[in-house]
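Q: Chain by chain, the residues run as shown.
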Amino acid sequence: QKEEEQNSGPLSVPEGAIASLNCTYSDRGSQSFFWYRQYSGKSPELIMFIYSNGDKEDGRFTAQLNKASQYVSLLIRDSQPSDSATYLCAVNFYGQNFVFGPGTRLSVLP
Amino acid sequence: DAGVTQSPTHLIKTRGQHVTLRCSPISGHKSVSWYQQVLGQGPQFIFQYYEKEERGRGNFPDRFSARQFPNYSSELNVNALLLGDSALYLCASSLSGVDSYSNQPQHFGDGTRLSIL
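Protein chains in written order, with the working numbering: chain A, 89 to 198; chain B, 444 to 560.
Where hints are given, some of them may not hold.
[Said to hold, decoys possible] Computed list of lysine-lysine pairs in DSS-like fashion (alpha-carbon distance at most 25 Å, straight line): (1) B:Lys473 / A:Lys130; (2) B:Lys495 / B:Lys473; (3) A:Lys144 / A:Lys155; (4) A:Lys130 / B:Lys456.
It should be emphasised that the hints constitute simulated quantities derived from the structure, not laboratory data.
The shape of chain B in the complex, shown without the other chains (with noise of 0.2 Å):
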């Protein structure tokens, strides 16, 4: 079965610019997560949404925006871009949502490696 599969690999843009990242699930899986992580340091949670709705929302600027779609695919965008929103964008999914008592693990995409000049 294919894992989270991301799109693009890399990404190179300039400030101001706008950016669409995206991500599908394992099948199956009905809960996406977007996560920010910059050299050195551990991911940092931007979005997850379950069933098509929001779940949950870290401490991000309103110039990052997410949603999903019918088939739980997820894209994430990120608007005016800055030069410290360069690093690495990871998609993970789960089968249920951060509200369930289940608890399941997320696995990870490749991530998409961005890149503002």
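Next comes chain A alone, as it looks inside the complex (with noise of 0.2 Å):
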């Protein structure tokens, strides 16, 4: 079984700032990469998707993945208190299924 890491949590940041999410991941065959956010009592829902090297921006977010040192990466800019919510990362390994992470419980404090 795969196994992924996330940054330990919970993680606060003022209002307006950057915060930082990331994972890493054990297995160099991984293909693509997802960013789902989880409100308490919700079902995930996806923010972004990622399958190169390098960044991909979209709005207030940036997906950012690094295959040589096995990570990627969630910015989220101007952060609001509505982006309080759990973030989940997910690997999807050519011919195997999604793995998730456990989660980071990100606040946004106002």
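Using the supplied hints, reconstruct the complex from the two chains, each of which is provided in its own coordinate frame.
A: Next comes the structure, spelled out in structure tokens:
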């Protein structure tokens, strides 16, 4: 079973700051990487996915992938209280299932 | 367009009973995956079905089974329920299966919260 680790939480940032969430994975055969947001009591909601090394931006969100170092990050700029949630990273290994990390709880303080 | 729909939303069972959870994927999606999520943890993969065939199985006992129907909807069955089966069961759909080069993202339904007494 491939394993993922996410930076220990919970993470608290003030409103307007940049929140940085990190995820490392243990297998070099990984193909694609996903970030999901999960509000308490709700199901995961897809935020972004990234397949290639480098950065991918979508609004206030930037996903960063470094396959050589085996990590993927999510940056949230201008953090808002509504961004307070648990963020899950998922890795899809080719020919295998999605593997989710344990999640990082983010709190954005007004 | 409707998203992934799951039923029921909540379910209370006792130990030893069996349960059937249902999922309808997003229109056009042919792959359905099932996950178990306990409080404080990420979703754990149970099954994936694509084109009505099992394409992946997680580390769950044989008490767990699933199937996919011709209309791509799916059922998850759990027999001989244990207290430890209490969790949020999530269904996710995607355009293609895990053995596809396209690596399509998965979209989740609202889940079924199963409580075992």
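Q: Take the hints in turn and mark each one as holding or not.
A: Checked hints:
no., hint, result
1, B:Lys473 / A:Lys130, "24 Å, holds"
2, B:Lys495 / B:Lys473, "8 Å, holds"
3, A:Lys144 / A:Lys155, "14 Å, holds"
4, A:Lys130 / B:Lys456, "21 Å, holds"
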